[in-house]
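> We have chain A; now place chain B onto it with these hints.
What follows is each chain in one-letter form.
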Amino acid sequence: MSRRLGTARRTWLRGLLPVLAVPALVLGGVAAAAVPGRPNAVREGSAAGAARPVSAAACHPKASSLSPSGPPVVTSGSFMARIRDRGFLIAGVDQNTYHFGFLNPVNGRLEGFDIDLIRAVASALFGDPDKVEYKAISDAQRIPAIVSGAVDIVAHTMTITCARLQQVDFSSVYFDAAQRVLVLKNSAARSLAGLRGQEVCATAGSDSLARIAAAGAVPVAVPYWTDCLVLLQQGNVAGISTDDSILAGLAQQDPWTKLIGPPLTDEPYGLGLSRQHPDFVRFVNAVLQQLRADGQWSASYARWVGTPAPAPPPAQYGG
Amino acid sequence: MTSSVGVAPDQRARTPAARRGGWRSRLDAATTPARLRLLLAVLVVLSVAWGLIAALAASQHGSAAADVVAVSEPLSLDAEQVYHSLSDADAAGANAFLAGGLEPVAARQRYDADITQAAVRIEAATALVGSSAARTELPGHLTNQAPAAGSAVGDDLAILSAELPVYVGEVGTARADNRLGLPLGAAYLREASSLLRGMLLPAASDIYARENGRLTSASAQATGFPLIAFALVIGLLIGYVLYRSSRWLARHTHRMVNYGLLVAALAGAVSLVWLAGAFAVGRTDLLHAQQHGSAPAEAFARADVAALRAHADESLTLIDNSGDDAYQQDFLAQQKLLGPGPGTLLAAVQASAGDGGSVAADVRAWYRAHAALRAMDDGGNHAAALQSALAGDAARTFGRLSATLSKGIDDHQAVFAASARGGEDAFTGLAAGMIAAALVMAAGCAWGLSRRLAEYR
Chain A
1 MSRRLGTARR TWLRGLLPVL AVPALVLGGV AAAAVPGRPN AVREGSAAGA
51 ARPVSAAACH PKASSLSPSG PPVVTSGSFM ARIRDRGFLI AGVDQNTYHF
101 GFLNPVNGRL EGFDIDLIRA VASALFGDPD KVEYKAISDA QRIPAIVSGA
151 VDIVAHTMTI TCARLQQVDF SSVYFDAAQR VLVLKNSAAR SLAGLRGQEV
201 CATAGSDSLA RIAAAGAVPV AVPYWTDCLV LLQQGNVAGI STDDSILAGL
251 AQQDPWTKLI GPPLTDEPYG LGLSRQHPDF VRFVNAVLQQ LRADGQWSAS
301 YARWVGTPAP APPPAQYGG
Chain B
1001 MTSSVGVAPD QRARTPAARR GGWRSRLDAA TTPARLRLLL AVLVVLSVAW
1051 GLIAALAASQ HGSAAADVVA VSEPLSLDAE QVYHSLSDAD AAGANAFLAG
1101 GLEPVAARQR YDADITQAAV RIEAATALVG SSAARTELPG HLTNQAPAAG
1151 SAVGDDLAIL SAELPVYVGE VGTARADNRL GLPLGAAYLR EASSLLRGML
1201 LPAASDIYAR ENGRLTSASA QATGFPLIAF ALVIGLLIGY VLYRSSRWLA
1251 RHTHRMVNYG LLVAALAGAV SLVWLAGAFA VGRTDLLHAQ QHGSAPAEAF
1301 ARADVAALRA HADESLTLID NSGDDAYQQD FLAQQKLLGP GPGTLLAAVQ
1351 ASAGDGGSVA ADVRAWYRAH AALRAMDDGG NHAAALQSAL AGDAARTFGR
1401 LSATLSKGID DHQAVFAASA RGGEDAFTGL AAGMIAAALV MAAGCAWGLS
1451 RRLAEYR
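If you read the sequences in order, they're chains A and B. Residue 1 is where the first sequence starts when you use my numbering, and the numbers rise one by one after that. Residue 1001 is where the second sequence starts when you use my numbering, and the numbers rise one by one after that.
Same shape as in the complex, but just chain A:
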């Protein structure tokens, strides 16, 4: 009896897959223009006001952002002034990714490398790193939250891709990650190719899902990365594949897992911002520039990711 019910429950969990995989492939897929309806809506939105037009020229994810004009300053009439009038910054973050954005169960606070960046932006705006309203969002909610204006900024292990640049803007690169695979210690697989035909977990809305399918494995989509670890521990998936930065955080929560395989991709992380507010993009880049220069980036890296901290990714701009 219990065996039959157990199977039924796993099937029920899997039932999420087709529903969640569709938006995942849309957001992480090759071209957003392939989706009817959505690109038009974006184009209408970006035509209004001082929005940054979508460039038709060749796309360089690492050099797509706007250069700062000196140190961060809140000019009157700017988007920064509007945030300051409101009294707090609204940030979309992850509360489930160890060491980037996670809710510390011991003190009930959000912490991590991504959270440090948000606190630095709040400091530059208000002189107080705590003037932030955090919205814990899933991977799939990142772009809709930015486009709708529900959040001012997203710090959520978000890779800068050409497809996403059609819909949102990014800061300069603040972290370099690469996709790899996490399996249980006793797994015989040595790379993603070794998991061909088996089920591999990633979050809905991540660009990892499409690459799992491309490698011949069966993608299983869940809302958060820790949900993937639950499935791995319960034996419902054979592996988890995403950025090594995220996988390292999962591996630290379960010593019976290991990272395998070569780096499969290059994943430059940027802070997600609206295309409606180029002034805010420049402001955030100025804040990042300060962090790189004054050693705060290295201190945060050493605290959350590991020592020794490498040199921060150099800032490149496309405009």
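Since the hints were derived computationally from the structure, they do not count as laboratory data. C-beta: ideal position from N, C-alpha, C; glycine also. Treat the hints with care, as some may be off.
What the hints assert, rightly or not - Restraint-style ranges between C-beta atoms, simulated for each label pair:
id, chain 1, residue 1, chain 2, residue 2, range
1, B, Pro1342, A, Gln198, 52 to 62 Å
2, A, Arg303, B, Leu1180, 15 to 25 Å
3, B, Pro1104, A, Ser148, 36 to 46 Å
4, B, Ala1326, A, Gly149, 13 to 23 Å
5, B, Gly1172, A, Gln198, 23 to 33 Å
6, A, Ser69, B, Ala1383, 47 to 57 Å
7, B, Ala1383, A, Gly149, 20 to 30 Å
8, A, Arg303, B, Gly1130, 54 to 64 Å
9, B, Ala1383, A, Pro262, 23 to 33 Å
10, A, Gln198, B, Gly1198, 22 to 32 Å
11, A, Asn186, B, Leu1180, 14 to 24 Å
12, B, Lys1407, A, Arg84, 16 to 26 Å
13, B, Asp1330, A, Gln198, 33 to 43 Å
Frame of chain A, contents of chain B only:
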């Protein structure tokens, strides 16, 4: 038995002419002893028939009443308690996670008590379904719907028994990971919560709905008229036949009283009055139990379920904290369902229990606290909203509402138990009594008539 002993010796005495003709010509041509023998046979058969019909009616009504008291009501109560305990455990787990840091001892104890309560109730319900399945195989029991309902409820109980340990295991893992400071704990808590909401709660509410439906139909069968009316009409008919028989005997035998028939008539009258009286008392008690017990208890239980769900939504909105307000939308949907207002669950409470005023006041206080909590959370003051949900206004007002609803369920449950048990008691020993009375009647007829017959030998 009596009839064959009384009739058999007389078979030899029949005249050949009477044996050849039709029954009417036989009767016309019959002598007084032949008529006596025929009357004896008819009276004995009627007595036995009365016994069977009266016993059948008594056992049908009695077993329907027993079904109400011993199976349906306890089962629906168990299901409601399972639902209540599991929802409360869910909320306790979520709140422990919301609080952060070391889990408050009170929250831990509440969770443990909830799980114990749920497990005990599941076990009790499983035992009840087992015994009711055995009971349905007894002759005379209402078998038309019980087996189908029993097996669906059995499946639901199997889901509850199989998945409760899985849920508890996942919460335990979540707790261990939380203590280590790992965000993985939250993922296990989400998994546990979705298992609870996706499988356990629907199974419990399914049992509740089925058993409540069965309760209503069993109660309708116990208090319905058709069978009992038929039995009473047959009883009166037999009384009339006895009366005419004794008049006929008095005329033909020149004795004022036939004591055998008198005993039969007395036994018939006693059984008739007993049957009618038991039915009247049982029916009154069962209807009272329904109107002042199970109906208001069900109204309170439905309100309780909606309130618990809305309360869990309140916590989950705070935990999820995602700007995706699916849980808050669900809260508003439950609020609309709950009322107060015409057509809502609270209106049903008011209609069936009379006094719903205090519930309405409690619910309004909680809505006010909830609105304030949402305003704080939406205004960026997440910490103050948390405080309200965990130990502040929202927690306090919901606690009061929950206590009022639970008390409403318990009080009306007690009314039901007392009244329905009285109703069931009215049918105790009734079927056996009807059979005994019928045997006395048959014996009385046989004795009384065979003494007259003996005078012709």
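> Does each hint fit the structure? Answer for all of them.
Against the structure, the hints come out as follows:
no. : hint                               : verdict
1   : Pro1342(B) / Gln198(A): 52 to 62 Å : holds, 57 Å
2   : Arg303(A) / Leu1180(B): 15 to 25 Å : holds, 19 Å
3   : Pro1104(B) / Ser148(A): 36 to 46 Å : holds, 37 Å
4   : Ala1326(B) / Gly149(A): 13 to 23 Å : holds, 19 Å
5   : Gly1172(B) / Gln198(A): 23 to 33 Å : holds, 28 Å
6   : Ser69(A) / Ala1383(B): 47 to 57 Å  : violated, 36 Å
7   : Ala1383(B) / Gly149(A): 20 to 30 Å : holds, 25 Å
8   : Arg303(A) / Gly1130(B): 54 to 64 Å : holds, 60 Å
9   : Ala1383(B) / Pro262(A): 23 to 33 Å : violated, 45 Å
10  : Gln198(A) / Gly1198(B): 22 to 32 Å : holds, 25 Å
11  : Asn186(A) / Leu1180(B): 14 to 24 Å : holds, 22 Å
12  : Lys1407(B) / Arg84(A): 16 to 26 Å  : violated, 52 Å
13  : Asp1330(B) / Gln198(A): 33 to 43 Å : holds, 36 Å
Against the hints set out earlier in the document, violations occur for numbers 6, 9, 12.
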